[in-house]
Amino acid sequence: MNNNENEFLNWNEGWVAEESEFTLLPEGNYPFQVTNLERKIYSGQSSKIPNGAPYAEVTVEVDGGEKGKTTIKERLYLMKKFTWKLTQFFNSIGQVQEIGQPFQPKWNQVIGASGQAKLEVNNYTDKDGNKKQNNRVKEFLKPTANAGVVQQQPNFNQQAPQQPTQPNQQWGQQQGQQQGGFQTGAF
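FYI, in the working numbering the residues of the sequence shown are 1 to 187.
No lab work stands behind these hints: they were computed from the structure.
Quick caveat, the model's predicted, so the values are computed rather than measured.
For glycine and all other residues, C-beta sits at the position ideal for the given N, C-alpha and C.
One or more of the hints may lead you astray.
[To be verified] With a straight-line Cα cutoff of 25 Å, these simulated DSS-like cross-link-like pairs (lysine-lysine) come out: (1) K131 with K106; (2) K106 with K67; (3) K81 with K132; (4) K81 with K131; (5) K40 with K73; (6) K80 with K132; (7) K40 with K131; (8) K132 with K106; (9) K81 with K127; (10) K138 with K69; (11) K81 with K106.
[To be verified] Computed Cβ-Cβ distance ranges for the label pairs, DEER-style: (12) K118 with N10: 38 to 46 Å; (13) S114 with K81: 24 to 32 Å; (14) L37 with V96: 17 to 25 Å; (15) V96 with Q133: 29 to 37 Å.
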């Protein structure tokens with residue numbers, strides 16, 4: 001994706017010809033990477049979203065493999081009725097939350113994060129009356145245990161470390177009496 005999309009062209013110079021990078025992917029589950037995040041305030045006309053509502057506009061690049069890549073912008077509204085979607089998104093990028101517990105997202109770690117999303121094909125009519133299609137995120141998916149992650153070897157010794165049975169004061173005194181040597185016993 002061109003990072004200088006907003007760069008102005010000069011009237012007296014040419015430009016490099018490019019084709020549209022738009023690819024319509026079929027419905028399904030795909031990996032994505034977050035390429036941008038903008039903090040915005042809603043100022044439209046909607047019966048569902050009040051004006052002044054803060055939201056994050058997240059740009060994700062979705063990899064369809066041989067089918068190509070596509071870019072999707074998703075709005076994450078910072079409203080109580082949309083905490084389910086915020087929870088879905090942050091779980092999908094590895095910022096796992098415990099349901100029913102407070103959560104403080106790490107917004108500075110969102111760009112570059114990756115996850116899985118279920119896409120759908122959205123049919124719509126543009127402002128000129130033309131029938132069009134695009135992709136939309138239907139659901140951000142929880143990471144699976146084996147999805148490109150090296151699993152840790154199970155730790156069969158799950159016992160907590162043994163602590164000395166003597167009070168701390170005596171332990172410190174005994175330790176101080178040692179001359180750097182090893183004392184046998186349960187630790």
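Evaluated hints:
1. Between the alpha carbons of K131 and K106 the distance comes to roughly 39 Å, so the proposed pair goes past 25 Å and is violated.
2. Between K106 and K67 the alpha-carbon distance is near 32 Å, which puts this suggested pair outside the 25 Å criterion.
3. For the hint pairing K81 with K132, the CA-to-CA distance comes to about 30 Å; that exceeds 25 Å, so the pair is violated.
4. A distance of roughly 31 Å separates the Cα atoms of K81 and K131; the hinted pair therefore is violated under the 25 Å criterion.
5. Note on K40 and K73: the hinted pairing holds, with a Cα-Cα distance of about 13 Å set against a maximum of 25 Å.
6. For the hint linking K80 to K132, the alpha-carbon distance of about 32 Å lies beyond 25 Å, and the restraint is violated.
7. Straight-line distance between C-alpha atoms of K40 and K131 comes to about 29 Å, which puts the hinted pair past the 25 Å bound.
8. A C-alpha spacing of about 36 Å is found between K132 and K106, which places the hinted pair above 25 Å, so the restraint is violated.
9. Between the alpha carbons of K81 and K127 the distance comes to roughly 30 Å, so the proposed pair goes past 25 Å and is violated.
10. The hinted pair formed by K138 and K69 meets the criterion: a straight-line CA distance of about 17 Å does not exceed 25 Å.
11. Among the hinted pairs, K81 with K106 is consistent with the structure: their alpha-carbon atoms are about 20 Å apart, no more than 25 Å.
12. The supplied range of 38 to 46 Å is met by K118 and N10, whose beta-carbon atoms lie about 43 Å from each other.
13. Take S114 and K81: their Cβ atoms lie about 27 Å apart, and the range 24 to 32 Å holds.
14. For the pair L37 and V96, the beta carbons lie near 19 Å from each other, so the given range of 17 to 25 Å is met.
15. Look at V96 against Q133: about 33 Å separates their beta carbons, and that is inside 29 to 37 Å.
This entry does not satisfy hints 1, 2, 3, 4, 6, 7, 8 and 9, going by the numbered hints stated previously.
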